[in-house]
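Participant: Letter by letter, the chains look like this.
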Amino acid sequence: MTILNLLFIVFLGILFFVSYFHISNLALDAYGGKSVRRYNFENSIRVIIFIAPAFIVLFIFILYPVFETVRLSFYDKFGREFVGLYNYKWAIGDPEFRRSILNNLVWLLVVPTLSTFFGLVIANLADRIWWGSIAKSIIFMPMAISFVGAGVIWKFIYEYRGPDNTQIGLLNAIIVSLGYEPQAWLTIPIWNNFFLMAIMIWIQTGLALVIFSAALRSIPKEMLEAARIDGASELKIFFSIIIPYLEQTILVIWTLITIIVLRIFDIIFAMTNGEWQTGVLANLMYDWMFRGGGDSGRGSVLAIVIMIGVIPILAWNLYKHRQEQKI
Amino acid sequence: MKKISLSSILSQLLLLFFVIVWIIPTFGLFISSLRDKDLLAISGWWTALTTTEINEIYRMSGMESQIEEDGYFKIKGTLFEENSGKKIESFGINSKKINEFKIGDIAIFKDESEVILDENGNYEWRSKSEFQKKKGKRLFTTSLSPPSFTFENYREVLFKEGIGRAFINTMAVALPSTLIPLIICSFFAYSLTWMRFYGRDTLLAIIIASLVVPLQMSLIPILTIYNDFGALFGVAAKSYPGVWMAHTGFGLASTTFLLRNFLKSLPNEMMEAAKVDGASHYDIFLRIIIPLSIPAFASIFILQFLWCWNDLLVGLVFLDQVPSEIILTAKLKELLGSRGENWEILTTGAFVSMTVPLFIFFALQRYFIRGLVAGSVKG
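Sequence lines, in order, name chains A and B. The first sequence runs contiguously to residue 327 in the numbering used here. The second sequence runs contiguously to residue 379 in the numbering used here.
Warning: the hint list may mix true and false statements.
[Claimed, not checked] No more than 27 Å apart at the CA atoms, straight line, and that leaves these computed lysine-lysine pairs for DSS-like: (1) B:Lys264 <-> A:Lys320; (2) B:Lys160 <-> B:Lys238; (3) B:Lys137 <-> B:Lys102; (4) A:Lys77 <-> B:Lys238; (5) A:Lys326 <-> B:Lys264; (6) B:Lys74 <-> B:Lys134; (7) B:Lys110 <-> B:Lys133.
These are calculated hints, taken from the structure and not from any lab test.
Starting from the given sequences, assemble the full structure and let the hints guide the process.
Facilitator: This is the structure we're talking about:
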């Protein structure tokens, strides 16, 4: 496809949706409003015009697939024959699956916790320093770049050359200058997971940071002043006032990062492709979507396991939404 | 008083530490992308910032370039490329003793030919007898190299490695994938906020639930739909419109949710007044909602655009990995596999992929942060 063709279909694609709304609404405007009956009819048609595209997309891309994935998890690799719990049994017995779910759990434990913690500490530090906003910008910047881009950045840092060569990877250069042997960091099982998690923490701390920065402004200044006058140390203020005050925000950020980490795929796919025991569920699922011509049954089971991870958050969100509606 | 200043210094140092740790990875990538590829392969990027000592091996010209002068056969030439800025410290004629001679020394080979070298790399190699070999002898140099940067890697990556085309492809994916959800979700959010109809609350609850559904739940069924659709109509199953709609689907819940939160904050009286004046919902939408929502649109546009630009999984599953369709992230991943040792290509490619996000980040940071703070919850 030439670039000109590409431009043309991009234009056409956007134009399609704009003209759908414009033409249908203008037609309706021309028809309706002249009598009460027509007015009511106009309004109900209008609702359909307004919500139809979004609803169709929502149905095709979210609602139907959720049920279809559940159905497929009980079927064979082609989605044709019912096999009961076979795919689930396979998953439980599969060492790759167990490794992945274990890795996922460690990711879920480490990344949201450390990102939230660093975000909170940095937001608190930057709040009191005149060059704080520049510092925040810099720490926030990784949020803008892709996981794959971040992967390249960090792969360069973890780069390994044999002990006789000059190390061009920063980490190994530091290690060697301290007198240790260089290591191929990404191939050391168990530990390599933490080197991958470092990338995610590097990215997500920025997210925690900006939200905390906004939340910190809501803490009454008088309260902090009073504590300082009473002689409380900054550490004491941090643990006794700021953390309790931001409890809700901490929870929100923690869940936010948890959701992102749960479906983490790109970093591992780009860095190790799940080798050296670094696989996680999303990678295993991608693998099974195409391995041996694809196995929709096993792939679906893996998707459902990821989904199960978010169900508590989903329920909690719905509960909160109900509460808000009542008010 | 003293205690306060001490703690202030400590917190400044701590923050400085965080800033350095956070900036160094990206900075290293950027510096590396501007370095000469041969230097990049043998020395750390931090050495590029200062004058460094490098050891190199050069070969002098062979017999074709010899001239006869003052009773000698001479071969003259230069080791370095023009304007390299390198200054030779010492040199050698034997790989075991690479620092044997200083500038000004006369080095004598086994065949009794002699060579003198100046610090800019110009050499004069002379012999009483005629030179017989096609290839010249090797010189081992130790020289000081000043920091030097080049755009050569960018030229190579953009035009030879296909990153340039991938950049355009990514734009062709990301732009409609941002605008389409923005268009359809603004109508959707409007109707969820300001129109009364049966099932509205249920629809809203579905949106809230969809916010956290991981996109993995959708991949297999949608891929099946696309394949069936492609087979039915005899067209390619994976295509740009397919990717746009997939991104629209996955971004729909969060876009609608954010827009609705914004619309809810607008005063009801304004809509009522417009309605009394006989405006239809579409009039209200065009004349009142859109102008008021520009800042909200900007925030959501940036979030969704960055999401689509940086996405790998959707582009991997719903596009063919061919030059006319491959997106930047997928291309980078491919290069990581095939050119894993060519750091000049990887660092430059990665930096090219980051230009657009970084531009948006620095130019529109305010809107970006506003969008994130408003609650970027995305499955």
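Participant: For every hint, state whether the structure bears it out.
Facilitator: Hints, verified against the model:
no. : hint                  : result
1   : B:Lys264 <-> A:Lys320 : holds (17 Å)
2   : B:Lys160 <-> B:Lys238 : holds (25 Å)
3   : B:Lys137 <-> B:Lys102 : holds (18 Å)
4   : A:Lys77 <-> B:Lys238  : holds (21 Å)
5   : A:Lys326 <-> B:Lys264 : holds (15 Å)
6   : B:Lys74 <-> B:Lys134  : holds (14 Å)
7   : B:Lys110 <-> B:Lys133 : holds (14 Å)
Checked against the numbered hints listed earlier, the structure breaks none of them; every hint is satisfied.
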